[in-house]
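Visitor: For reference, the chains in residue letters:
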Amino acid sequence: MTRFTKHSQTIILVIFALYALAPVYLVLLASMRSEADLFNGPLSLPWPINTSNYLRVWSDSGFSTFFWNSLKISVAVTVLVLLTAPLAGYAFAKMQFRGREALFALFLAGLVVPAPSVIVALYGNLQTLGLIDTHIGVILPQAALLMPFAVFMMRTVMQDVPDELIEAATMDGAGPLYGFLTVVVPLARPGLMSLTLIVFLFSWQEYLLPLVVLQTETLKTITVGAASLQGRYGVDYGGIAAAGLIAFAPLVVLFLTMQRSFVRGLSAGAVK
Amino acid sequence: MTARPAYLFLLPALFLYGAFVVLPILQVTAYSFFSWDNGIAQGFVGFANYARLGSDTVFWAALSHNAIWVVLTLAFPLMAGLLLAAILAERGPRTIQIMSAIYFLPRTIPLVVAGIIWGWIYNPLFGLLNYGLDMLGLGNLGGAWLAEESTALVSLNVVGAWTFFGFCVVIYLGAIQSIDPSLYEAAEVDGAPWWRKFRDITVPLLRNSTLFLGLYAAIEAMRFFDLVWVTTQGGPGYATEVLTTHVYKTFFLVGDFGYAAVLSVVLLVIVLSLSAIAFRLLRAK
Amino acid sequence: MKRTLWGAPLALVLATQAVAQDTVVVTQWDQFAQSGITAAGPAMDELIATCKPALNGAEVLRTIAPSIGIRDSYRLAVSAGKTPDLAYTWPAASVLAGYARVGALAPLDDYYAKYGWDQVNAFYKGRNSYEGKVYGLPMEQDLMGVYFNKDLFKENGLAVPTTYAEFQAVVEALKADGIIPVAFGNRDRWPATNTFSLILGLTAGRALEEKVFFGDEPWTNPAFLQAAQTFQDWANSDTFPRGFNGVGYDEANALFLSGRAAMTITGTWVLQDMIRGAEFDLGVFMLPPLADGVAPGTMWGEGSQWQMSASASPEVRDAAAAYLNCLVSPESRQVWVQKGYTVPIGTTPAELAEWGANPVVQEFFTGGLATPDSNFYDLHTTLPESVTQVLYPELQRLVGGEVTPEAFLQSMQAAWETAGANGERWIP
Numbered sequence: 004m005t006r007f008t009k010h011s012q013t014i015i016l017v018i019f020a021l022y023a024l025a026p027v028y029l030v031l032l033a034s035m036r037s038e039a040d041l042f043n044g045p046l047s048l049p050w051p052i053n054t055s056n057y058l059r060v061w062s063d064s065g066f067s068t069f070f071w072n073s074l075k076i077s078v079a080v081t082v083l084v085l086l087t088a089p090l091a092g093y094a095f096a097k098m099q100f101r102g103r104e105a106l107f108a109l110f111l112a113g114l115v116v117p118a119p120s121v122i123v124a125l126y127g128n129l130q131t132l133g134l135i136d137t138h139i140g141v142i143l144p145q146a147a148l149l150m151p152f153a154v155f156m157m158r159t160v161m162q163d164v165p166d167e168l169i170e171a172a173t174m175d176g177a178g179p180l181y182g183f184l185t186v187v188v189p190l191a192r193p194g195l196m197s198l199t200l201i202v203f204l205f206s207w208q209e210y211l212l213p214l215v216v217l218q219t220e221t222l223k224t225i226t227v228g229a230a231s232l233q234g235r236y237g238v239d240y241g242g243i244a245a246a247g248l249i250a251f252a253p254l255v256v257l258f259l260t261m262q263r264s265f266v267r268g269l270s271a272g273a274v275k
Numbered sequence: 300m301t302a303r304p305a306y307l308f309l310l311p312a313l314f315l316y317g318a319f320v321v322l323p324i325l326q327v328t329a330y331s332f333f334s335w336d337n338g339i340a341q342g343f344v345g346f347a348n349y350a351r352l353g354s355d356t357v358f359w360a361a362l363s364h365n366a367i368w369v370v371l372t373l374a375f376p377l378m379a380g381l382l383l384a385a386i387l388a389e390r391g392p393r394t395i396q397i398m399s400a401i402y403f404l405p406r407t408i409p410l411v412v413a414g415i416i417w418g419w420i421y422n423p424l425f426g427l428l429n430y431g432l433d434m435l436g437l438g439n440l441g442g443a444w445l446a447e448e449s450t451a452l453v454s455l456n457v458v459g460a461w462t463f464f465g466f467c468v469v470i471y472l473g474a475i476q477s478i479d480p481s482l483y484e485a486a487e488v489d490g491a492p493w494w495r496k497f498r499d500i501t502v503p504l505l506r507n508s509t510l511f512l513g514l515y516a517a518i519e520a521m522r523f524f525d526l527v528w529v530t531t532q533g534g535p536g537y538a539t540e541v542l543t544t545h546v547y548k549t550f551f552l553v554g555d556f557g558y559a560a561v562l563s564v565v566l567l568v569i570v571l572s573l574s575a576i577a578f579r580l581l582r583a584k
Numbered sequence: 002m003k004r005t006l007w008g009a010p011l012a013l014v015l016a017t018q019a020v021a022q023d024t025v026v027v028t029q030w031d032q033f034a035q036s037g038i039t040a041a042g043p044a045m046d047e048l049i050a051t052c053k054p055a056l057n058g059a060e061v062l063r064t065i066a067p068s069i070g071i072r073d074s075y076r077l078a079v080s081a082g083k084t085p086d087l088a089y090t091w092p093a094a095s096v097l098a099g100y101a102r103v104g105a106l107a108p109l110d111d112y113y114a115k116y117g118w119d120q121v122n123a124f125y126k127g128r129n130s131y132e133g134k135v136y137g138l139p140m141e142q143d144l145m146g147v148y149f150n151k152d153l154f155k156e157n158g159l160a161v162p163t164t165y166a167e168f169q170a171v172v173e174a175l176k177a178d179g180i181i182p183v184a185f186g187n188r189d190r191w192p193a194t195n196t197f198s199l200i201l202g203l204t205a206g207r208a209l210e211e212k213v214f215f216g217d218e219p220w221t222n223p224a225f226l227q228a229a230q231t232f233q234d235w236a237n238s239d240t241f242p243r244g245f246n247g248v249g250y251d252e253a254n255a256l257f258l259s260g261r262a263a264m265t266i267t268g269t270w271v272l273q274d275m276i277r278g279a280e281f282d283l284g285v286f287m288l289p290p291l292a293d294g295v296a297p298g299t300m301w302g303e304g305s306q307w308q309m310s311a312s313a314s315p316e317v318r319d320a321a322a323a324y325l326n327c328l329v330s331p332e333s334r335q336v337w338v339q340k341g342y343t344v345p346i347g348t349t350p351a352e353l354a355e356w357g358a359n360p361v362v363q364e365f366f367t368g369g370l371a372t373p374d375s376n377f378y379d380l381h382t383t384l385p386e387s388v389t390q391v392l393y394p395e396l397q398r399l400v401g402g403e404v405t406p407e408a409f410l411q412s413m414q415a416a417w418e419t420a421g422a423n424g425e426r427w428i429p
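Residue numbers (this note's numbering), protein chains in the order written: chain C, 4 to 275; chain W, 300 to 584; chain V, 2 to 429.
Source of the hints: derived by calculation from the structure; they are not laboratory data.
A portion of the hints provided could be inaccurate.
[As the list claims (entries may be wrong)] Just the calculated beta-carbon pair ranges, DEER-fashion: (1) LEU21/C <-> ARG63/V: 48 to 56 Å; (2) VAL26/V <-> LEU581/W: 54 to 62 Å; (3) PHE578/W <-> ILE15/C: 30 to 38 Å; (4) ARG243/V <-> TYR483/W: 47 to 55 Å; (5) GLY391/W <-> TYR28/C: 19 to 27 Å; (6) ASP178/V <-> ILE139/C: 58 to 66 Å.
[Unchecked claim] As a list, the in silico EDC-like pairs of lysine to aspartate or glutamate whose alpha-carbon atoms are at most 20 Å apart: (7) LYS155/V <-> GLU364/V; (8) LYS83/V <-> GLU316/V; (9) LYS134/V <-> ASP111/V; (10) LYS83/V <-> ASP336/W; (11) LYS115/V <-> ASP319/V; (12) LYS340/V <-> GLU352/V; (13) LYS97/C <-> GLU167/C; (14) LYS9/C <-> GLU487/W; (15) LYS83/V <-> ASP136/C; (16) LYS75/C <-> ASP136/C; (17) LYS134/V <-> ASP119/V; (18) LYS9/C <-> ASP499/W; (19) LYS9/C <-> GLU389/W; (20) LYS176/V <-> ASP152/V; (21) LYS83/V <-> ASP73/V; (22) LYS9/C <-> GLU484/W; (23) LYS340/V <-> ASP274/V; (24) LYS75/C <-> GLU220/C.
These numbers come from a predicted model, not from an experiment.
We put the CB at the ideal spot given by N, CA and C, even for glycine.
With the rest of the complex left out, here is chain C (with noise of 0.2 Å):
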């Protein structure tokens, strides 16, 4: 390779690379204003760099009740799909009984359902419930549109649990469930990591559920929290720098700390 091809592709690394962080850097900026004065170029550093909005949104603004509440959901819904999709994707994978494959297809139909077309009567369903404006009521409804790629990524990590070892473990007369939670569990860790983190982060991304479902102020989630306080604090950029940050820094945090988990559980599909 010729040196002007390396370098001309380094080049075009480091512009990817500004797209991806520029805007990134740019809410940091605008979250550390002291005041924050819109009309008066958007790159002026801020100096002397304060936190005052960080807490004021904290505190002031409910961002650490949406924070909490979405952590919450986002728990809930991560340990519920925990507690199935392994199951379903276990006896998918290594057991044998009638209607498997139109079980299976039904699952991967789901693979691609948009949220807003089942919304018209999830809605009225939740109503009948009682499940409007309570956190059950995102929760649900989350896990099962989450559960067709959870059933499916656990399918495809079950596979590779070799047979002699589920063998071994019913020779010794134990039930499937105690095979299962023996023997299998701990063979397919790696994935099991890889489904809690995108399960965790679907969830504390999703803004369409929450947002039609929860109506009192204290009950919102942190994405629903950030949209609207565009209206609600009208030009406080600084303030709503400060909540999308926080809406997504634990993210980022999780991302960087275990991005091979992340990317694995991600391209789930694609390879295989």
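Chain C is fixed; fit chains W and V onto it per the hints.
Guide: The following block gives chains W and V in isolation, referenced to the frame of chain C:
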């Protein structure tokens, strides 16, 4: 051994999925055959609601925007991901790890927040983009971006691409790293320049990944909602209206249950057909 | 078929609601949050305490929903047959009529007879009626006017315009001085409806508006065309900031408050934010008539109204009505004015002065209330939702220069006819 344990293993997942996804789909399909007044069913009307699709110009505009979104996504983030992955693959492992992390980072940001951030960048009053163009003496190239019918959809796609190209890089990188290095070595012996290796070896061998990403992008293009809703709500006019926002408005804002159900069914039929094609194509490989 | 039919099996599995109550409980939805556009929360809290005796032992169970979302939440509650006993929601007119049509609301005529409630004049009563019965008790009132920066006017030697020609001269003078004449931002889609409602009323007049709404006069009539043309002309001639369709409502207000725009045309609902945010001498005037022979006036509406569920029991309804009567009493109105930042219907300019309302508030309401007979309609609180959802995007296109005024009105007429065919038109 009976199949009972298998069904028991399946039951919890199936129950959740059935109650909150499959059942609503069946209900929505049923709703689409009734006439409604303020959300109260009035009577069976057969396909009358479906007949409205033909003259609903917003529906056709939305559908065309979804299609344009697919094309734009194939043209920009997908191609960019391919190029970046091909370049990165020849660098050291440390560079690969850091750069792919950087490219992937926007994917972890909720689309709602991405929409807010890019809304500022595009803002006609104080946005960074117009400000930057002014600084460079190109102020007359500035515009209202998301607020002009001619630029709104493309400007929005740049935001979508921002969250998607890193994913493409990661998928392509994985595939490139599994290409037999001797192919490149042989080409090098022949003195082939970089771009020719890219064109003759990398691109053809990555066909499967391209197919996967293309279909993934197409399905996502039919499903996306958050980004439009927090930035333009489908505007200006109908310039960024997509099927999901049309469903949302028809249901939540107009309260026209029957027609919202029709739109939902159409949306479902499209994504399910796309995914059926996807599985057929991917399995054929 | 009720739409709950399909959900019934699910309900059997999961329903966990068992409520046994001895005391009468009135469930209430309102918008009185502690902050934001309707920051009347503290006033509401105080008034609930004050009006408790009127309830005669009944309890009020509140749910606070944001004012933007309550409109949609209420519609969905109607569809599920789960409306709260009492709601303070919006809009009235066609939307309220739609709920009355499907039998979701309880008529309030008996309570109007019992308690008087004469502060609700014929215009407001009509907006809250359907086929001769009243279904809403409006409380606040919204007026449109022009906020202006007195300092900027003075610096540029401008006087408050009293005719449209003078207004146009002011706009031209400001443009020549490099000042944005009118801060306007329409990214949120609804602000243009208010501006257009004002232009329309001052061009066509209330009588013609009513011929369109209640008669057979089409939207494509010459006066409506002139109004649409005027709005587009303003937009085309740099009356508004660059890229206004991408500017948020709050950003436009901030632009005005920053002193970069000399005026902004909006309603009384942001009075408090304006008064708090202005570091200059703030003034308000009423936009003069835009066409010859049209009486001065402004757009007005109730903002929101109290409405009662048809499914509420008679005891609950009686308790709720007594409670409402307390909420709209002169004593309560004083609390609203002083602590709730709202000016309820029936409040006179003299009362505002007596209760020590801010001078700008007094100025605004004195101007707007001086023309009760010619004040006109706010489109998006009057039209059926199906028409409003056409109005929003079509107005963005009109001011964006994407459609001609003729095409804009043709789209409106088409939506209007469809709504009429579906029985969505409002008959007071």
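Visitor: Are the hints correct? Go through all of them and say.
Guide: Each hint, compared with the structure:
Hint check: LEU21/C to ARG63/V, Cβ distance near 50 Å, so the stated range 48 to 56 Å holds. The supplied range of 54 to 62 Å is met by VAL26/V and LEU581/W, whose beta-carbon atoms lie about 57 Å from each other. The hinted range of 30 to 38 Å is satisfied by PHE578/W and ILE15/C, whose Cβ atoms lie roughly 34 Å apart. Our hint of 47 to 55 Å for ARG243/V and TYR483/W holds, since their Cβ atoms are close to 52 Å apart.
Checked against the hint of 19 to 27 Å, the C-beta distance between GLY391/W and TYR28/C comes to roughly 25 Å, which is consistent with it. Separation of ASP178/V from ILE139/C is about 59 Å and conforms to the stated range, judged on CB atoms against 58 to 66 Å. Among the hinted pairs, LYS155/V with GLU364/V is consistent with the structure: their alpha-carbon atoms are about 19 Å apart, no more than 20 Å. Restraint check for LYS83/V and GLU316/V: the C-alpha separation of about 18 Å stays at or below 20 Å, so the hint holds.
A distance of roughly 10 Å separates the Cα atoms of LYS134/V and ASP111/V; the hinted pair therefore holds under the 20 Å criterion. Note on LYS83/V and ASP336/W: the hinted pairing holds, with a Cα-Cα distance of about 16 Å set against a maximum of 20 Å. Of the supplied pair hints, the one linking LYS115/V and ASP319/V holds, its CA atoms being roughly 11 Å apart against a limit of 20 Å. Between LYS340/V and GLU352/V, the direct Cα distance comes to roughly 15 Å. Compliance with the 20 Å bound is thereby established for this hinted pair.
For the given pair, LYS97/C sits about 12 Å from GLU167/C by alpha-carbon distance, which is consistent with the 20 Å threshold. Proximity of LYS9/C to GLU487/W is assessed by CA-CA distance (about 15 Å); at most 20 Å being required, the pair is judged to hold. Between the alpha carbons of LYS83/V and ASP136/C the distance comes to roughly 13 Å, so the proposed pair stays at or under 20 Å and holds. Among the hinted pairs, LYS75/C with ASP136/C is consistent with the structure: their alpha-carbon atoms are about 15 Å apart, no more than 20 Å.
Distance restraint check for LYS134/V and ASP119/V: the Cα-Cα separation of roughly 16 Å lies within the 20 Å cut-off, and the hinted pair is therefore satisfied. Proximity of LYS9/C to ASP499/W is assessed by CA-CA distance (about 19 Å); at most 20 Å being required, the pair is judged to hold. A hinted pair counts as satisfied when its Cα atoms are at most 20 Å apart, and LYS9/C with GLU389/W qualifies at roughly 10 Å. In summary, the hint linking LYS176/V to ASP152/V is supported, as the alpha carbons are separated by about 16 Å, within the 20 Å threshold.
For the suggested pair LYS83/V and ASP73/V, the alpha carbons sit about 13 Å apart, so the restraint of at most 20 Å is met. Of the pairs offered as hints, the one joining LYS9/C and GLU484/W holds, with about 18 Å between alpha carbons and a cut-off of 20 Å not exceeded. Between LYS340/V and ASP274/V the CA atoms are separated by roughly 14 Å; this keeps the pair inside 20 Å, and the hint holds. The hinted pair formed by LYS75/C and GLU220/C meets the criterion: a straight-line CA distance of about 16 Å does not exceed 20 Å.
Hint compliance for this structure: no hint is broken.
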